[in-house]
Amino acid sequence: ESLSTPSNTPETTRGMVQDPTQFDVLVMPNLYGDILSDLCAGLIGGLGVTPSGNIGANGVAIFESVHGTAPDIAGLDLANPTALLLSGVMMLRHMGLHDHAHKIQKACFDTIREKKVLTKDLGGNSKCSEFTADICRRVQDLD
Amino acid sequence: MAVALKRSLAVLVKSLGGPKWWQQASRSVSISASLSRVESPPARADATFKVTMLPGDGVGPELMTAVKDVFKAGDVPVEFDEFHLSEVQNMASEDKLEELLSSMKNNKVAIKGKIHTPMEFKGELASYEMRLRRKLDLFANVVHVNSLPGYSTRHNNLDLVIIREQTEGEYSSLEHESVPGVIECLKIITRAKSRRIAKFAFDYATKKGRNKVTAVHKANIMKLGDGLFLQCCAEVAQLYPKIKYENIIIDNCCMQLVQNPYQFDVLVMPNLYGNIIDNLAAGLVGGAGVVPGESYSAEYAVFETGARHPFAQAVGRNIANPTAMLLSAANMLRHLNLEYHSHMVSDAVKRVIKQGKVRTGDLGGYATSDEFTQAVIANLAV
Numbered sequence: 060e061s062l063s064t065p066s067n068t069p070e071t072t073r074g075m076v077q078d079p080t081q082f083d084v085l086v087m088p089n090l091y092g093d094i095l096s097d098l099c100a101g102l103i104g105g106l107g108v109t110p111s112g113n114i115g116a117n118g119v120a121i122f123e124s125v126h127g128t129a130p131d132i133a134g135l136d137l138a139n140p141t142a143l144l145l146s147g148v149m150m151l152r153h154m155g156l157h158d159h160a161h162k163i164q165k166a167c168f169d170t171i172r173e174k175k176v177l178t179k180d181l182g183g184n185s186k187c188s189e190f191t192a193d194i195c196r197r198v199q200d201l202d
Numbered sequence: 090m091a092v093a094l095k096r097s098l099a100v101l102v103k104s105l106g107g108p109k110w111w112q113q114a115s116r117s118v119s120i121s122a123s124l125s126r127v128e129s130p131p132a133r134a135d136a137t138f139k140v141t142m143l144p145g146d147g148v149g150p151e152l153m154t155a156v157k158d159v160f161k162a163g164d165v166p167v168e169f170d171e172f173h174l175s176e177v178q179n180m181a182s183e184d185k186l187e188e189l190l191s192s193m194k195n196n197k198v199a200i201k202g203k204i205h206t207p208m209e210f211k212g213e214l215a216s217y218e219m220r221l222r223r224k225l226d227l228f229a230n231v232v233h234v235n236s237l238p239g240y241s242t243r244h245n246n247l248d249l250v251i252i253r254e255q256t257e258g259e260y261s262s263l264e265h266e267s268v269p270g271v272i273e274c275l276k277i278i279t280r281a282k283s284r285r286i287a288k289f290a291f292d293y294a295t296k297k298g299r300n301k302v303t304a305v306h307k308a309n310i311m312k313l314g315d316g317l318f319l320q321c322c323a324e325v326a327q328l329y330p331k332i333k334y335e336n337i338i339i340d341n342c343c344m345q346l347v348q349n350p351y352q353f354d355v356l357v358m359p360n361l362y363g364n365i366i367d368n369l370a371a372g373l374v375g376g377a378g379v380v381p382g383e384s385y386s387a388e389y390a391v392f393e394t395g396a397r398h399p400f401a402q403a404v405g406r407n408i409a410n411p412t413a414m415l416l417s418a419a420n421m422l423r424h425l426n427l428e429y430h431s432h433m434v435s436d437a438v439k440r441v442i443k444q445g446k447v448r449t450g451d452l453g454g455y456a457t458s459d460e461f462t463q464a465v466i467a468n469l470a471v
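As they're listed, the protein sequences go chains A and B. Mapping of the first sequence onto our numbering: residues 60 to 202, in sequence order. Mapping of the second sequence onto our numbering: residues 90 to 471, in sequence order.
To be clear, the hints were calculated from the coordinates, so they are not data collected in a lab. Computed from a prediction, not measured in an experiment: that's the story for all the values here. We treat Cβ as the ideally placed atom computed from N, Cα and C, and that holds for glycine. Be aware that one or more of the hints could be misleading.
[Claimed, not checked] Ranges between beta-carbon positions, derived for each pair:
| # | chain 1 | residue 1 | chain 2 | residue 2 | range |
| --- | --- | --- | --- | --- | --- |
| 1 | B | Asp-459 | A | Leu-201 | 38 to 44 Å |
| 2 | A | Arg-196 | B | Cys-274 | 50 to 56 Å |
| 3 | B | Glu-335 | A | Asp-158 | 46 to 52 Å |
| 4 | A | Ile-103 | B | Ile-466 | 39 to 45 Å |
| 5 | B | Glu-335 | A | Asp-200 | 20 to 26 Å |
| 6 | A | Asn-184 | B | Arg-423 | 48 to 54 Å |
| 7 | B | Ala-323 | A | Lys-175 | 54 to 60 Å |
| 8 | B | Asn-341 | A | Val-84 | 20 to 26 Å |
| 9 | A | Leu-156 | B | Arg-243 | 34 to 40 Å |
| 10 | B | Arg-406 | A | Val-198 | 36 to 42 Å |
[Stated by the list, open to error] Which residues of chain A face chain B? A partial, calculated answer using Cβ under 7 Å:
| # | residue |
| --- | --- |
| 11 | Thr-72 |
| 12 | Leu-98 |
| 13 | Val-119 |
[As the list claims (entries may be wrong)] Away from chain A, derived, C-beta distances all over 12 Å, residues of chain B:
| # | residue |
| --- | --- |
| 14 | Asn-195 |
| 15 | Val-380 |
| 16 | Ala-396 |
| 17 | Lys-443 |
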């Protein structure tokens, strides 16, 4: 537990490492956001599982995963689709399709929780297509 | 700059211990300073070192009391010249700053708390803290991130050193509003200061027997500014073939620090990133209360905590953790070549933490600052 409320970026950084539960929504300028978003991604498992969205005026938005292009595993059916999939969930919410968003998110989280078909970066040895198929199966079961 | 580089290189070639002129300068002058005070004979046979003390704001004064109490109990041959400079307590003025500076010029070594910078713009963009740093040219800030034995965190057995350039960069205090509602803030990166901090980092690594120096930057975005910094680090790295040199982008660095901090050894970076990483790393090992830090110029050494935070909420409540300040005081004693006393103080602090019985609130305990300080005194190696 932190005895002091952070009042600037460095203190927030420290607070985030010691007790991230003291925070809810954070808003900040460009550079700090770049730094803090990567830091927080590190806290929850890395860029392979972190979704993101870029919101503009008039409902214009682009949702994306922020990990690299991973050229070393490209084309080998090894990548972890979680980051992009959850970004897609963010997109569905932005569009107002909350039911669909909820189903897909729940399916994805359940698959990860079960730990049976995890991709390599999450500690398993399943393929991307196997991981995805499991999520699809769960989505269909939820209907 | 070139002369300094050549001189230091010569010293380096002679003795791979790195240039010792930082330490030599401060020690010899403080001995001569104390010897010149013939009116008051020294209390002990050995020379007593005079050190400037600046308690600062927030819990600073309480922490300084802890240091003084421990030093007294341990019979440490150090005398403190106290100064009270504070923006928030209306004790700041040019005269006070001048007094403080002349004390520093005599003593060369200081121990200080944080001088709080009020958030309101009072007509002067540079805070007293920044101005002090600039006047003394304390360009290098070194924070030791060491896990405390007996206090478990997510990542244990950490041993990192964070070196931060603290006189330019984003904190150059150059801002203006050319158009209402549009502020421009200038981030200044110079070749001279970047080379200087890089050299400091490599010299430090060499002296302390470290293996790797990693430069932290955002040169992919700030191509000219951080690009220059990076280029200077790479140039200086070539002078130190025995030390591995790497670089990493600041956002990835933060992520790596929380996922796998063991991949780092010594990190060097410009001002703002240093401020952030100092605090992040402090959070990794237990918070602002446990990490010591110091600032160096070519002539002065100022010892303080690693994560500078006046912690105003704790003032007068006797709950602040004196660990960081005591460990920093121990580092100061080592700097003064008082190895025995340095070990005595740091061992006592570490023993108390390891025993786990007396811990302040930030480490999950219920002890007051006083109780902790008393426990340390009780554990001084006798």
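Evaluation of the provided hints:
1. Checked against the hint of 38 to 44 Å, the C-beta distance between Asp-459/B and Leu-201/A comes to roughly 59 Å, which is inconsistent with it.
2. Taking the beta carbon of each, Arg-196/A and Cys-274/B are about 53 Å apart, inside 50 to 56 Å as hinted.
3. At about 48 Å, the CB distance of Glu-335/B to Asp-158/A agrees with the hint of 46 to 52 Å.
4. Here the CB-CB span from Ile-103/A to Ile-466/B is close to 43 Å, well matched to the stated 39 to 45 Å.
5. The beta-carbon spacing between Glu-335/B and Asp-200/A, approximately 48 Å, falls outside the hinted interval of 20 to 26 Å.
6. As the Cβ distance of Asn-184/A to Arg-423/B is approximately 50 Å, the hint placing it in 48 to 54 Å holds.
7. Separation of Ala-323/B from Lys-175/A is about 47 Å and departs from the stated range, judged on CB atoms against 54 to 60 Å.
8. For the pair Asn-341/B and Val-84/A, the beta carbons lie near 24 Å from each other, so the given range of 20 to 26 Å is met.
9. Taking 34 to 40 Å as the suggested C-beta distance range, the pair Leu-156/A and Arg-243/B conforms, at roughly 37 Å.
10. The hinted range of 36 to 42 Å is not satisfied by Arg-406/B and Val-198/A, whose Cβ atoms lie roughly 54 Å apart.
11. Hint on Thr-72/A holds. Least Cβ distance to chain B is approximately 5 Å, under the 7 Å limit.
12. A least Cβ separation of about 4 Å between Leu-98/A and chain B falls short of the 7 Å threshold, and the interface hint therefore holds.
13. Among the interface hints, the one on Val-119/A is violated; its C-beta lies about 23 Å from the nearest C-beta in chain B, farther than the 7 Å criterion.
14. Listed as a non-interface residue, Asn-195/B keeps its Cβ farther than 12 Å from every Cβ of chain A; the least gap is roughly 32 Å.
15. Residue placement check: Val-380/B does not keep its beta carbon more than 12 Å from all beta carbons of chain A (closest about 10 Å).
16. With a least CB separation of 6 Å from chain A, Ala-396/B falls inside the 12 Å interface cut-off, contrary to its annotation.
17. Even its closest Cβ contact with chain A, about 20 Å, leaves Lys-443/B beyond 12 Å, as expected for a residue assigned away from the interface.
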